[in-house]
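Undergrad: For reference, the chains in residue letters:
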Amino acid sequence: MTREDSLWIRQLIEGNDLAFKMLYDHYSPKVYNTLLSYTKNAEDAEELLQDVFMTVYNTAKTFRADSSVSTWIYRISVNKALDFLRKKNSTKRFGIFSSLYKKDSAEIKYESVDFIHPGVKLENQENARILFRVIDELSEKQKTVFILTQIEDLSQQEVADILQTTRKAVESLLQRAKANLKVALEKHFPERGNSPKNPS
Amino acid sequence: MENWKDEILSSMKGAERSEVPAGAFRKIEQQIKLQKQKQVTPLRWLAVAACVTAIVGGNLFFILNYDQTTATSISNDSYSVLISDFNIYSNE
Chain R
1 MTREDSLWIR QLIEGNDLAF KMLYDHYSPK VYNTLLSYTK NAEDAEELLQ
51 DVFMTVYNTA KTFRADSSVS TWIYRISVNK ALDFLRKKNS TKRFGIFSSL
101 YKKDSAEIKY ESVDFIHPGV KLENQENARI LFRVIDELSE KQKTVFILTQ
151 IEDLSQQEVA DILQTTRKAV ESLLQRAKAN LKVALEKHFP ERGNSPKNPS
Chain U
201 MENWKDEILS SMKGAERSEV PAGAFRKIEQ QIKLQKQKQV TPLRWLAVAA
251 CVTAIVGGNL FFILNYDQTT ATSISNDSYS VLISDFNIYS NE
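The listed protein sequences derive, respectively, from chains R and U. Residue numbers are given in the numbering used here: position 160 of the first sequence equals residue 160, and the series is strictly consecutive. Residue numbers are given in the numbering used here: position 56 of the second sequence equals residue 256, and the series is strictly consecutive.
Chain R with its partners taken away, still in its complex shape (with noise of 0.2 Å):
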């Protein structure tokens, strides 16, 4: 697939549309579900979608074949999605100077979070959404290796090229995740524990 996308790439470069369709054929789906894992939201992962592939369009020239294409679409999708958190939370901290209904509507700008994965199966969904409620007490770091390896699938090392570091540093990144949610978990959902079907 490498040698068939990075073909892509090269074609999109020289005016190609339609490699550009098959790039987004391949790689939407990826992209699409691991912003759905930053934003919980899918209309704000739709949008985040439409911007990436964008950058892919309109940054393909400077594309450069020392990473494979499937890292640097990651790449840009990991970027845009921390970028879009960051202004959210910004805007959520200058909450008390601006309106929290949307423009328009009655609507709560920001709802609380209580996200369930289309895609996750019917018996885990009441763990996945406690998963995602307490993804968000990571740093960026560490919730991108945990979404990367552990929600997409990733290798260690696809992480690693993707974040521009080694094996090794993803591997103590994800450790250091796993270990501040069971912390948070702890914290913010005691009664689990002890509940009869979970003895603890």
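Simulated from the structure, these hints should not be mistaken for lab results. In this text, all values refer to a predicted model and were calculated from it rather than measured experimentally.
Below are the SDA-like pairs computed for lysine to any residue, each with C-alpha atoms no more than 20 Å apart in a straight line: (1) K236(U) with M54(R); (2) K213(U) with S155(R); (3) K227(U) with T55(R); (4) K21(R) with F63(R); (5) K40(R) with P221(U); (6) K30(R) with G214(U); (7) K236(U) with L18(R); (8) K236(U) with A19(R); (9) K40(R) with S218(U); (10) K121(R) with S210(U); (11) K213(U) with N180(R); (12) K236(U) with A60(R); (13) K21(R) with K233(U); (14) K30(R) with R226(U); (15) K182(R) with K213(U); (16) K187(R) with R176(R); (17) K30(R) with E219(U); (18) K238(U) with M54(R); (19) K61(R) with Q239(U); (20) K238(U) with D17(R); (21) K233(U) with T55(R); (22) K40(R) with R217(U); (23) K40(R) with S210(U); (24) K227(U) with D44(R); (25) K61(R) with T241(U); (26) K227(U) with P29(R); (27) K236(U) with N16(R); (28) K40(R) with E219(U); (29) K178(R) with A215(U).
Some residues of chain R that are not near chain U, with every Cβ distance over 10 Å (derived): (30) L7; (31) R10; (32) N41.
Even for Gly, the Cβ is constructed at its ideal location relative to N, Cα and C.
On the provided structure of chain R, position chain U as indicated by the hints.
TA: Frame of chain R, contents of chain U only:
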């Protein structure tokens, strides 16, 4: 002991990918089209440059020739006055 936490952490394992919204690619195509329309081609730049040069050149030409035109008209006026004065005296 840590079972419940591990279960939560691995709850996304084996999850299916959710489908990309159907109209997303069409929206991207529209954005690209709009971007292309907004883009200024070299030919358009050339046309803009030609217009600016013509306007600036025209104005410069007018400014540079303005003094000469007024000077000529003034001298012509004084000459005609002299002629008319001469005519008046010659009639008397």
